[in-house]
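Dock chains B, C and D against the given chain A, drawing on the hints supplied.
Top to bottom, those sequences are chains A, B, C and D. Here the first sequence is numbered in the numbering used here, starting from 86 and rising by one per residue. Here the second sequence is numbered in the numbering used here, starting from 86 and rising by one per residue. Here the third sequence is numbered in the numbering used here, starting from 86 and rising by one per residue. Here the fourth sequence is numbered in the numbering used here, starting from 86 and rising by one per residue.
Accuracy of the hints is not assured; some may be wrong.
No distinction is drawn between identical chains; accordingly, a pair holds when it is met within one copy or between any pair of copies.
Capping the alpha-carbon separation at 20 Å, the derived lysine to any residue pairs in SDA-like fashion look like this [said to hold, decoys possible]:
1) K94 with V187
2) K130 with S165
3) K130 with S194
4) K130 with V185
Treat the hints as calculated values from the structure; they're not laboratory data.
4 protein chains.
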Amino acid sequence: MNLFETTIKPRFYETDGLGHISNTVIPAWFEIGRTEFLSSLAGEKRTWLTASVQIDYVAETFYGTDVTVRITGAKPGNSSLTLYCEILQEGRVTVRGSSVLVHMSDDRSGSARIPDAVREALASAGNST
Amino acid sequence: MNLFETTIKPRFYETDGLGHISNTVIPAWFEIGRTEFLSSLAGEKRTWLTASVQIDYVAETFYGTDVTVRITGAKPGNSSLTLYCEILQEGRVTVRGSSVLVHMSDDRSGSARIPDAVREALASAGNST
Amino acid sequence: MNLFETTIKPRFYETDGLGHISNTVIPAWFEIGRTEFLSSLAGEKRTWLTASVQIDYVAETFYGTDVTVRITGAKPGNSSLTLYCEILQEGRVTVRGSSVLVHMSDDRSGSARIPDAVREALASAGNST
Amino acid sequence: MNLFETTIKPRFYETDGLGHISNTVIPAWFEIGRTEFLSSLAGEKRTWLTASVQIDYVAETFYGTDVTVRITGAKPGNSSLTLYCEILQEGRVTVRGSSVLVHMSDDRSGSARIPDAVREALASAGNST
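The following block holds chain A by itself, in its conformation from the complex:
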């Protein structure tokens, strides 16, 4: 499944000098994917806190060709949302990961149930692609 995709052009200063993308850069690229995916959803802009991140470095990612950050799944709980992601380069998965986000109340004082409009947008993202 594929809920969302965005393209990132690796930058030379993100490498270790030998053309490999540094491990420390990958979590930032995942955040780009998450941020753009959540912004793309229907409904008013929500606030999400990142509760946890899990990343598997499956293969080296290189400088020189674009990468695709793909949101491959979204599981809403009550106020939390688990997003599954992959980073691909030249058709090959180089990173797999997931992240748990917490949906904040409008006044940002605490967590709050994910609104139905967002649940529907998540579901239709899965159907439309």
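Relative to the frame of chain A, chains B, C and D by itself:
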């Protein structure tokens, strides 16, 4: 338990502009802790690949006071090593995480059993602190 | 004049949280432009050291739309090369800068005269665009 | 002269993989020095915009030992302030630079004359060290 500690001074450009350290910065701080810990071990310099990283954002980390990155555990397998880490600020844990590293052979062509000298150094790091 | 252009998509974590690109990010974007420009030149790959950088922040650069990094001039000396750059967003110049690079000898032991092939490539870059 | 000093511990991921600090990192370190210096001045907290930055890479900066960022001079104009900086490592200057900042009015709508309290603080910073 506490195998190793290093101090990091947050930098203003690592914040979101409101004084909170950005989520994308935390994995890089963990890498600093891991790198310094592994460099501190007895024995010749080894090569380690990062296979995976897991991070729980327990509480906000702020600009303005130093943080401590602490290696709280190290479990060697055959060629893999799991390191457990915490980030503390003013005595409070703000981040907990773990990382799986793979020990590479001397010619870096593949993984290799972690040498006994490194196992002993890991064990004595745990005892001496 | 316009010797070279590349496009950069600003990333959310490069902002100050309010949508403005941080000042510390701009010099890195200039380096992307310089690196890609020099790689695009005819002739074997050369090594260049950055001797100095000068940047004028003309206007705010924002998150949300792509920026163009443009090399607007190139003045070769004997072994040094001055590159002039602009960053544009939505047709508006937001940054102007220049950088002095030093061409290194093949064994990287010191500076060396810029080869004629590179001088010709610099000149034709200016003519062809 | 030496108006202010702060210490920075280079981080492994700030290198090119060979132990040299990347050029793109240096402007960020200068900003740390400027930010801490301006925060250290007497008087209420002011807002400054960075108008320009100039950096000379005098020598390689390395991973492995702390660096000192030193503010070596401060020339206030009407609403602008030029700060001169050096980065030192093991007693050797590796970077020299300057930056022009613009003092903003309290409502941040435009530039405003630097208050006398700040001018006096700048002058006494020069005298006391």
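Do the hints match the structure? See the list:
1. K94 with V187: neither (29 Å within a copy, 27 Å between copies)
2. K130 with S165: Answer is within; shortest intra-copy Cα gap is 16 Å, inter-copy 39 Å.
3. K130 with S194: Classified as within: same-chain Cα gap 16 Å, cross-chain 28 Å, threshold 20 Å.
4. K130 with V185: Close inside one copy (18 Å), not across copies (36 Å); limit 20 Å.
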